[in-house]
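Trainee: Letter by letter, the chains look like this.
Protein chains: 2
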Amino acid sequence: MSERIRNSILASKLMSAEQAAEIIRDGMVVGMSGFTGAGYPKVVPAALAARIGEAHGRGDRFSLNVLTGASTAPELDGELARVDGIGFRLPFNTDPTMRAKINKGEAEYMDVHLGHVAQQAWSGFYGKMDVAVIEVTTILEDGRLVPSTSIGNNKTWLDIADKVIIEVNSQQPLGLDGMHDIYFGTALPPHRKPILLTAPGDRIGEPYLRVDPAKVVAVVESNAPDRLGHFTPPDAISKKIAGHLVEFFRHEIRHGRLPPDLLPLQSGVGNVANAVLSGLREGGFTGLTSFTEVIQDGMLELLSDDTITIASATALSLSPEAVQEFVDRIDHYRSRVLLRPQEISNHAELIRRLGCLGINGMVEGDLYGNINSTHVAGTSIINGIGGSGDFARNGSLSCFVTPSVAKGGAISCIVPMVSHVDHTEHDVAILVTEQGLADLRGLSPKQRARTIIEHCAHPDYRPMLQDYFQRALQDSRGKHTPHLLGEALSWHQRFLETGSMRA
Amino acid sequence: MSERIRNSILASKLMSAEQAAEIIRDGMVVGMSGFTGAGYPKVVPAALAARIGEAHGRGDRFSLNVLTGASTAPELDGELARVDGIGFRLPFNTDPTMRAKINKGEAEYMDVHLGHVAQQAWSGFYGKMDVAVIEVTTILEDGRLVPSTSIGNNKTWLDIADKVIIEVNSQQPLGLDGMHDIYFGTALPPHRKPILLTAPGDRIGEPYLRVDPAKVVAVVESNAPDRLGHFTPPDAISKKIAGHLVEFFRHEIRHGRLPPDLLPLQSGVGNVANAVLSGLREGGFTGLTSFTEVIQDGMLELLSDDTITIASATALSLSPEAVQEFVDRIDHYRSRVLLRPQEISNHAELIRRLGCLGINGMVEGDLYGNINSTHVAGTSIINGIGGSGDFARNGSLSCFVTPSVAKGGAISCIVPMVSHVDHTEHDVAILVTEQGLADLRGLSPKQRARTIIEHCAHPDYRPMLQDYFQRALQDSRGKHTPHLLGEALSWHQRFLETGSMRA
Ligand SMILES: CC(C)(COP(=O)(O)OP(=O)(O)OC[C@H]1O[C@@H](n2cnc3c(N)ncnc32)[C@H](O)[C@@H]1OP(=O)(O)O)[C@@H](O)C(=O)NCCC(=O)NCCS
Ligand SMILES: CC(C)(COP(=O)(O)OP(=O)(O)OC[C@H]1O[C@@H](n2cnc3c(N)ncnc32)[C@H](O)[C@@H]1OP(=O)(O)O)[C@@H](O)C(=O)NCCC(=O)NCCS
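So the protein sequences, as listed, match chains A and B. If you're matching positions, the first sequence starts at 1 in full-length UniProt numbering and goes up one per residue. If you're matching positions, the second sequence starts at 1 in full-length UniProt numbering and goes up one per residue.
Treat the hints loosely; a few may be bogus.
Repeated chains share a single entry, so a pair holds when one copy, or any two copies, can fit it.
[As the list claims (entries may be wrong)] Derived pair list, reagent style DSS-like, types lysine-lysine, alpha-carbon separation capped at 30 Å:
| no. | residue 1 | residue 2 |
| --- | --- | --- |
| 1 | K193 | K128 |
| 2 | K407 | K239 |
| 3 | K193 | K104 |
| 4 | K128 | K407 |
| 5 | K446 | K104 |
| 6 | K446 | K215 |
| 7 | K407 | K215 |
| 8 | K215 | K104 |
| 9 | K163 | K407 |
| 10 | K128 | K163 |
| 11 | K407 | K104 |
| 12 | K128 | K104 |
| 13 | K104 | K13 |
| 14 | K446 | K407 |
| 15 | K163 | K239 |
| 16 | K163 | K215 |
| 17 | K193 | K240 |
| 18 | K13 | K215 |
| 19 | K128 | K446 |
| 20 | K128 | K239 |
| 21 | K193 | K215 |
| 22 | K239 | K13 |
These aren't lab readings, by the way, just hints derived from the structure by calculation.
Construct the entire structure; sequences and hints are all you get.
Mentor: See below:
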């Protein structure tokens with residue numbers, strides 16, 4: 001038996017990726033591991049894609065419902081989408097091939113709060129799960145599994161799937177052993193109990209996943225790194241955004257509204273959120289903690305010098321250089337990083353109790369503080385809402401960050417009315433662009449509009465927003481949330497027609 | 001000392017409503033009791049309104065920030081709005097005079113999740129609170145307060161206000177004593193602990209409110225009932241809506257996805273939600289429980305014959321006849337009703353743990369499952385989001401109910417795109433009109449559109465929706481959430497121009 005597959009029953013199920021892929025058939029609901037490009041299966045999806053391609057070549061139907069933790073990588077979503085192997089996908093995707101299929105209407109996609117997925121799967125919202133395909137670092141003697149770089153929904157998929165395929169990836173660092181905390185106390189109502197976690201570093205579970213060996217139909221070896229892209233290095237724009245946030249946090253600390261070590265930070269996916277975290281380093285804060293979904297490069301930097309002393313997440317989403325730093329100093333990070341199932345990292349109860357300070361990227365925001373995190377011009381999805389809603393709704397301070405313009409200035413990220421709403425006016429406290437910070441706490445819609453225009457809008461679009469708002473104040477039927485309905489979405493329409501929102 | 005004011009220190013502060021109103025001055029932040037027309041102060045607001053009217057007569061500025069639990073009644077919002085005494089109002093209002101001021105742009109209004117108010121007030125979102133005006137049933141010997149028909153934010157206002165005015169209302173039944181459960185364990189992060197409630201009937205606090213007697217600046221006697229309107233008797237439309245829901249619940253029970261006694265019910269405000277509850281009675285369910293904000297007539301009916309065995313709420317919002325029934329059989333109800341602070345009745349942690357089954361009214365929904373609970377044609381507010389978001393996001397099954405048309409058929413409650421979003425596509429599982437029930441669980445946006453058009457739309461509007469959807473499928477730039485941006489809000493625009501959404 002290999003060093004990584006130490007249980008004899010499971011070792012006896014070793015087979016090739018091609019053989020394992022044979023187990024998956026048309027129409028199945030398949031749960032896969034993977035969260036923000038980390039810990040997804042590396043070889044079975046490609047073998048499956050080949051199989052699907054052949055079936056389609058023969059004119060046979062072959063389409064799957066694919067459920068994951070969150071986004072994966074080209075080896076999974078990319079390969080399967082390329083052969084039209086995914087008919088239905090949830091809860092989050094960032095793969096460009098898959099995204100193109102979704103936006104062409106060739107695949108169905110459901111965008112789900114990451115903290116809701118396990119509960120909804122257990123409650124039968126997505127039908128019976130046929131097969132789970134889960135990457136792990138090691139199979140222990142007793143059959144328990146050392147998770148890899150993400151946990152996501154793996155515990156749930158292992159529990160509810162009829163059959164399980166395990167990929168053992170020898171590139172995942174053995175040093176990950178001990179960094180996971182799998183909570184086995186969740187249940188469906190009316191059987192739920194309080195989850196007794198009161199600080200981001202609390203251990204409430206066990207380091208290993210469990211699987212019923214009788215359900216394991218295949219064990220497959222792989223040897224490939226998580227294929228993660230590079231983050232855009234923080235530019236002048238994101239440094240300014242971070243600067244405004246740091247100034248605001250300092251101000252709140254001075255007024256006693258935030259503790260000096262802030263509150264557990266959540267930081268969203270994307271370049272901007274990543275850059276903002278780097279920027280926090282300049283803030284002179286110490287002893288920070290994080291209770292979040294994903295540890296990106298920016299968070300690792302903060303962990304490297306103990307600006308953040310403990311980070312709880314469900315995935316390590318690191319660039320190749322950051323992976324190297326992580327592996328080189330794994331003993332430093334092992335005592336500072338805890339990976340949990342996403343039903344815990346994104347749990348309403350815990351986010352509310354800890355009072356997380358959420359910092360999430362966005363596509364656009366409107367005058368009244370509604371946020372679009374997902375759709376370009378209301379119809380094409382970029383990624384998905386991810387866990388931003390879990391934190392924006394239930395944390396204690398919900399911040400959204402974006403450059404004030406996109407596409408070289410052709411798009412204003414502050415618009416009269418957002419073309420899709422992911423976070424309502426009720427869930428947004430702080431809005432930040434490189435232009436400044438709008439503090440929306442305790443403000444009515446019209447008060448919000450004034451501060452957003454003044455502090456967040458790009459100077460090129462400020463007069464247009466001002467003009468819309470003034471005319472709406474004048475002509476809107478109702479003046480609680482003034483709008484000119486015939487014009488509210490005209491900026492997006494103009495962008496579609498002319499390539500620019502400029503009048 | 002009167003039977004209702006048994007503490008000598010507080011009794012010594014007895015004065016008239018007019019004298020008490022003198023304490024409140026222009027520009028103050030005032031926290032008042034009151035939740036869905038129950039337990040609001042009955043006499044100080046009117047005296048205050050008189051004072052404000054006089055000040056305005058002299059040309060003086062006099063405008064207040066008024067914070068409550070939720071909606072009050074003509075004696076509070078109505079009186080103060082009439083004299084333009086409220087410059088800023090939160091978190092919920094149903095008073096027509098106040099609503100008119102808001103929609104004319106003459107008063108600022110902030111619509112807040114009811115479960116967020118206490119936390120935001122504590123965190124300084126609304127500024128320092130100058131005065132609290134709180135109705136109670138009795139002042140006990142030791143100075144503790146027997147709450148009246150609602151608790152709302154009373155605990156928080158008593159804690160954070162600089163000064164306190166207490167109204168002792170001798171019309172509130174003495175039998176309320178013992179029905180309240182005030183939890184004193186909340187804190188701001190990072191000091192929060194798990195709230196150890198695991199069933200709707202669990203007592204986790206004490207029956208009485210506490211107040212620092214040094215802060216009490218006035219005690220005022222009142223003698224007036226909660227002035228609650230009548231509910232529209234359930235009509236054929238709402239009976240059909242209830243029927244669809246009952247059928248769905250039975251179906252889920254048969255498939256093991258809901259327990260036979262369902263899960264703790266939350267039922268929203270309004271006539272439709274009230275009628276649906278009455279309809280549940282026909283469902284043959286027994287041993288139901290409720291964890292909700294407000295007990296309306298429909299819920300009382302279910303409690304009267306033990307269809308519901310325990311109901312936890314923050315307010316008793318009953319019609320005059322239901323009040324009579326309640327008082328007549330108060331011993332029956334005392335062991336079945338628990339009133340809690342709204343930070344507990346609407347707490348994310350508890351709603352998630354209990355897995356509440358939320359049933360809320362709505363203004364309109366769109367093809368993709370987004371819900372507008374608050375705005376007519378995107379600009380005029382009706383009431384507010386109330387607690388619907390607390391339950392829709394964090395409960396286990398989020399249902400929204402509405403007749404398929406409003407205003408005699410001139411308005412379709414199913415539209416291409418809602419004109420305001422209060423509940424996003426991610427937070428809506430079940431949509432019900434008298435036409436039928438759309439089960440949106442596990443569906444992509446386009447799949448949702450098909451089922452909503454088929455099951456929920458009124459036949460008069462179904463072809464128009466079908467037509468929009470087909471053309472959007474064809475011409476939308478992105479086909480994940482197909483829309484024609486130039487047309488998406490045209491139904492509302494047409495309604496504003498012609499008085500009807502019909503083409
Ligand atoms: C909104 C989101 C896409 C921003 O991502 P980002 O990497 O920080 O920001 P960028 O500025 O690089 O924008 C990403 C893309 O969106 C485009 N974009 C940004 N704002 C836009 C707008 N208003 N209209 C159209 N496109 C826009 C950018 O041009 C860029 O496109 P490109 O890749 O073709 O260059 C990202 O934060 C996200 O997916 N959020 C939702 C999920 C989430 O919040 N998760 C949190 C926890 S999991
Ligand atoms: C949405 C809501 C207003 C519906 O109230 P309801 O009493 O059940 O429903 P009704 O059908 O009687 O409608 C109330 C009014 O809204 C109007 N209305 C309903 N749908 C409408 C629509 N799509 N467009 C315009 N007006 C509409 C009705 O015509 C009626 O107006 P009227 O009073 O002038 O006759 C109510 O549920 C609400 O305020 N919800 C938000 C708060 C909430 O959910 N709280 C839950 C816990 S506190």
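Trainee: Are the hints correct? Go through all of them and say.
Mentor: Against the structure, the hints come out as follows:
1. K193 / K128: within (25 Å within a copy, 36 Å between copies)
2. K407 / K239: Classified as within: same-chain Cα gap 19 Å, cross-chain 52 Å, threshold 30 Å.
3. K193 / K104: Result: close neither inside a copy nor across copies, 44 Å intra and 48 Å inter.
4. K128 / K407: For K128 and K407, neither the intra-copy (43 Å) nor the inter-copy (43 Å) Cα distance is at most 30 Å.
5. K446 / K104: between (38 Å within a copy, 12 Å between copies)
6. K446 / K215: For K446 and K215, neither the intra-copy (58 Å) nor the inter-copy (35 Å) Cα distance is at most 30 Å.
7. K407 / K215: neither (49 Å within a copy, 57 Å between copies)
8. K215 / K104: neither (37 Å within a copy, 64 Å between copies)
9. K163 / K407: neither (46 Å within a copy, 54 Å between copies)
10. K128 / K163: Cα proximity of K128 and K163: one copy only (11 Å, versus 58 Å across).
11. K407 / K104: Within. Shortest intra-copy distance 22 Å satisfies the 30 Å Cα cut-off; inter-copy 38 Å does not.
12. K128 / K104: within (28 Å within a copy, 52 Å between copies)
13. K104 / K13: neither (40 Å within a copy, 72 Å between copies)
14. K446 / K407: both (28 Å within a copy, 28 Å between copies)
15. K163 / K239: neither (48 Å within a copy, 45 Å between copies)
16. K163 / K215: So K163 and K215 pass the 30 Å test inside one copy only (5 Å; across, 65 Å).
17. K193 / K240: The answer is neither: 44 Å in one copy and 36 Å across copies each exceed 30 Å.
18. K13 / K215: within (11 Å within a copy, 73 Å between copies)
19. K128 / K446: between (48 Å within a copy, 22 Å between copies)
20. K128 / K239: Cα proximity of K128 and K239: none, with 47 Å in one copy and 33 Å across.
21. K193 / K215: within (28 Å within a copy, 39 Å between copies)
22. K239 / K13: Cα proximity of K239 and K13: none, with 51 Å in one copy and 57 Å across.
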